[in-house]
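Turn these sequences into a full structure, and let the hints steer you where they fit.
There are 2 protein chains.
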Amino acid sequence: MPLKLNRLCIHTATTKPWSLEQCLAEYPKQGATGISIWRQAIEGRDLNVAKRQVNDAGLEVVSLCRGGFFAAASNAGRQSAIDDNLRAIDQANAIGATMVVLVCGAVPGQSLIESRQQITDGIAAILPAAKSAGVKLAIEPLHPMYCDDRSAVNTMRQANAICDSLGSPDHLGIAVDTYHVWWDPELEEQIAAAGRAKRLFAFHICDWKTPTTDLLNDRGLMGEGCINIQEISDWVDATGFTGHREVEVFSNQWWAADQHDFLKQIIASYVELFASEAKAKP
Amino acid sequence: MPLKLNRLCIHTATTKPWSLEQCLAEYPKQGATGISIWRQAIEGRDLNVAKRQVNDAGLEVVSLCRGGFFAAASNAGRQSAIDDNLRAIDQANAIGATMVVLVCGAVPGQSLIESRQQITDGIAAILPAAKSAGVKLAIEPLHPMYCDDRSAVNTMRQANAICDSLGSPDHLGIAVDTYHVWWDPELEEQIAAAGRAKRLFAFHICDWKTPTTDLLNDRGLMGEGCINIQEISDWVDATGFTGHREVEVFSNQWWAADQHDFLKQIIASYVELFASEAKAKP
Numbered sequence: 030m031p032l033k034l035n036r037l038c039i040h041t042a043t044t045k046p047w048s049l050e051q052c053l054a055e056y057p058k059q060g061a062t063g064i065s066i067w068r069q070a071i072e073g074r075d076l077n078v079a080k081r082q083v084n085d086a087g088l089e090v091v092s093l094c095r096g097g098f099f100a101a102a103s104n105a106g107r108q109s110a111i112d113d114n115l116r117a118i119d120q121a122n123a124i125g126a127t128m129v130v131l132v133c134g135a136v137p138g139q140s141l142i143e144s145r146q147q148i149t150d151g152i153a154a155i156l157p158a159a160k161s162a163g164v165k166l167a168i169e170p171l172h173p174m175y176c177d178d179r180s181a182v183n184t185m186r187q188a189n190a191i192c193d194s195l196g197s198p199d200h201l202g203i204a205v206d207t208y209h210v211w212w213d214p215e216l217e218e219q220i221a222a223a224g225r226a227k228r229l230f231a232f233h234i235c236d237w238k239t240p241t242t243d244l245l246n247d248r249g250l251m252g253e254g255c256i257n258i259q260e261i262s263d264w265v266d267a268t269g270f271t272g273h274r275e276v277e278v279f280s281n282q283w284w285a286a287d288q289h290d291f292l293k294q295i296i297a298s299y300v301e302l303f304a305s306e307a308k309a310k311p
Numbered sequence: 030m031p032l033k034l035n036r037l038c039i040h041t042a043t044t045k046p047w048s049l050e051q052c053l054a055e056y057p058k059q060g061a062t063g064i065s066i067w068r069q070a071i072e073g074r075d076l077n078v079a080k081r082q083v084n085d086a087g088l089e090v091v092s093l094c095r096g097g098f099f100a101a102a103s104n105a106g107r108q109s110a111i112d113d114n115l116r117a118i119d120q121a122n123a124i125g126a127t128m129v130v131l132v133c134g135a136v137p138g139q140s141l142i143e144s145r146q147q148i149t150d151g152i153a154a155i156l157p158a159a160k161s162a163g164v165k166l167a168i169e170p171l172h173p174m175y176c177d178d179r180s181a182v183n184t185m186r187q188a189n190a191i192c193d194s195l196g197s198p199d200h201l202g203i204a205v206d207t208y209h210v211w212w213d214p215e216l217e218e219q220i221a222a223a224g225r226a227k228r229l230f231a232f233h234i235c236d237w238k239t240p241t242t243d244l245l246n247d248r249g250l251m252g253e254g255c256i257n258i259q260e261i262s263d264w265v266d267a268t269g270f271t272g273h274r275e276v277e278v279f280s281n282q283w284w285a286a287d288q289h290d291f292l293k294q295i296i297a298s299y300v301e302l303f304a305s306e307a308k309a310k311p
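First to last, the protein sequences are chains A and B. When you line the first sequence up against our numbering, it's residues 30 to 311, in that order. When you line the second sequence up against our numbering, it's residues 30 to 311, in that order.
It is possible that some hints are incorrect.
[Claimed, not checked] Derived pair list, reagent style DSBU-like, types lysine-lysine, alpha-carbon separation capped at 30 angstroms: (1) K293/A x K160/A; (2) K45/B x K293/B; (3) K33/A x K58/A; (4) K238/A x K293/B; (5) K33/B x K293/B; (6) K45/B x K238/A; (7) K33/A x K80/A; (8) K238/A x K58/A; (9) K45/A x K238/B.
[To be verified] Here's a subset of chain B near chain A, in silico, CB distances under 10 angstroms, partners left out: (10) A135; (11) G138; (12) Q139; (13) S140; (14) I142; (15) A153; (16) H172; (17) M174; (18) C176; (19) D177; (20) L244.
[Claimed, not checked] Non-contacting residues of chain A with respect to chain B, defined by C-beta distances greater than 12 angstroms in every case (computed): (21) R36; (22) R81; (23) E89; (24) D266.
Keep in mind the hints are simulated off the structure, nothing from the lab. Just so it is clear, the structure is predicted and the values come from calculations on it, not from any experiment. We treat Cβ as the ideally placed atom computed from N, Cα and C, and that holds for glycine.
Below, the structure written as structure tokens:
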């Protein structure tokens, strides 16, 4: 009997070889109820049509990924990032996504403190548009191995600090990704702090493989690695979070496999982790 | 005129294709005054002879690298790590190294908190032997990308905490490596804290390349990447540290190059960073 997994969301980049149409056809068949959409997947499309397609598939659009990259060496570069984020907010609104995930950016050789200030300023610049569109912004702290050119925000504490410094606006929060933050000795307390501030907006899951052979695209399917995903999920849920768990496995190895098999393995791994929530479709 | 660089030390693994004899012949010719020795480089040698060779070369043995790997799933594994560290202390003593650097270890899937406890217990077990041999132990915090299987100690704060928890013994301190800690938002204050506790024992330098194509062996020569090595060096020196700066560039790319050329580039990079200290040999 087919499953219905109320909190399982899959990120389209996880099954990168598939078109949006294939994702929309296959994810619900296997029990997923949410989809996170890579902006590349909707590039050049009529977003009204895409929104209808997603609705017809019965999937909730959990996140549009990704905005951010606010840090830049020049004023023009920073303005261009702000413009791009405004477009992302418009796209999210058009496709029915309630949240844009922010990979905040960094400039190699620029001090991380300076980059974080530029990130804070960039978020401040787009907050009014996000609020007016009813789209939430989720800062995703990235693993320190990405702080050269992808994000100067590398811990939950830093993400919480940026939200605080902007006055804790309702539309600004944090995306917790197990891959990026599992090593952090302050993880449990900073997740709790985000929960108390009502800013824990998203939860991404995948695993850390030993050895990891590529810094970008060698993530593990849940269970393939050493992250205690269940424990982190419990910390997240303890804040009152009841949203989707978004599977984000960026993996050259899995992308080279048959994507139908891969999707079945995603489901199997997910069900093994969260067995009590797996139930047959009504 | 040949240089003499009073604070330049080179780690034998930086010029991995060279034998110990080649390192001893070439480093001083180019101005280095210190050498850090990879244990593999002295495996199976008569250490009395090796010690004489190093003395004859006029080099100070700054560190023996490396001990550690205290975390293990079984009692037998943890005891075997302790035994190996006792051997490392003996080797350091025999070759005239005043310090053993500790890469503390981690077990994939074991909680990082548990691993840190095993690390603390392992260090406690070898401290008496270190003290009696007059050999210092330097905990090297490793980048969080190595916390799956190389080290559960990933920040200066954690290293300071382990030293504190063992009662701040004289022979226990910290090795600061720019590659591992440059991302840490607490770096400046934790370096200062280590200095106040008189436990900042060693300073390793190399750079972070963008992109980094290998998690282990794609480190950059100083200047090839985005780390502000000068700033971190200033923080280290502000504690009163006057020891050697140890060049640790583990790089498949540089190892494939002519090692004489590589050594010259190391010197050039070092002199560019620390120009005021470069002086002609007396």
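A quick look at each hint next to the structure:
Among the hinted pairs, K293/A with K160/A is inconsistent with the structure: their alpha-carbon atoms are about 38 angstroms apart, more than 30 angstroms. For a cut-off of 30 angstroms, the pair hint linking K45/B to K293/B stands: about 15 angstroms separates their Cα positions. Distance check on the hinted pair: K33/A and K58/A sit about 9 angstroms apart at the alpha-carbon level, within 30 angstroms; holds. Between the alpha carbons of K238/A and K293/B the distance comes to roughly 37 angstroms, so the proposed pair goes past 30 angstroms and is violated.
Note on K33/B and K293/B: the hinted pairing holds, with a Cα-Cα distance of about 13 angstroms set against a maximum of 30 angstroms. Proposed proximity of K45/B and K238/A is supported: the alpha carbons are some 27 angstroms apart, at most 30 angstroms. Only pairs whose Cα atoms come within 30 angstroms are accepted, and K33/A paired with K80/A is accepted, the gap being roughly 22 angstroms. Taking the CA atoms of K238/A and K58/A, the gap is near 28 angstroms; set against the 30 angstroms cutoff, the hint holds.
Restraint check for K45/A and K238/B: the C-alpha separation of about 27 angstroms stays at or below 30 angstroms, so the hint holds. Given hint, A135/B at the interface with chain A, holds; its Cβ is 9 angstroms from that chain's nearest Cβ, closer than 10 angstroms. Interface restraint check for G138/B: the shortest CB-CB distance to chain A comes to about 5 angstroms, inside 10 angstroms, so the restraint holds. At about 8 angstroms, the closest approach between the beta carbon of Q139/B and any beta carbon in chain A falls short of 10 angstroms, and the interface hint on this residue holds.
Taking 10 angstroms as the C-beta cut-off, the interface hint given for S140/B holds, the closest approach to chain A being about 7 angstroms. Proximity of I142/B to chain A holds as hinted, the smallest CB-CB distance being about 8 angstroms (cut-off 10 angstroms). At a threshold of 10 angstroms, the smallest CB-CB gap from A153/B to chain A is about 20 angstroms, leaving the interface hint violated. With a least beta-carbon distance of about 7 angstroms to chain A, the hint placing H172/B at the interface is held under the 10 angstroms criterion.
The criterion of a C-beta within 10 angstroms of any C-beta in chain A is met by M174/B, whose closest approach is roughly 4 angstroms, and the hint holds. Residue-level restraint check for C176/B holds (minimum Cβ-Cβ distance to chain A is 5 angstroms; threshold 10 angstroms). A hinted interface residue such as D177/B counts as satisfied when its beta carbon comes closer than 10 angstroms to some beta carbon of chain A; here the least separation is about 5 angstroms, so the hint holds. Checking L244/B against chain A by beta carbon gives a least distance of about 6 angstroms; that is within 10 angstroms, so the hint holds.
For R36/A, the shortest C-beta to C-beta distance to chain B comes to about 24 angstroms, beyond the 12 angstroms cut-off, and the non-interface label holds. Against the 12 angstroms criterion, R81/A stays outside the reach of chain B, whose nearest CB is about 39 angstroms from its own CB. Every CB of chain B is more than 12 angstroms from the CB of E89/A (nearest about 33 angstroms), matching its label as outside the interface. Non-interface status of D266/A relative to chain B is upheld: no Cβ of that chain comes within 12 angstroms, the nearest being about 19 angstroms off.
When each numbered hint is compared with the structure, violations occur for hints 1, 4 and 15.
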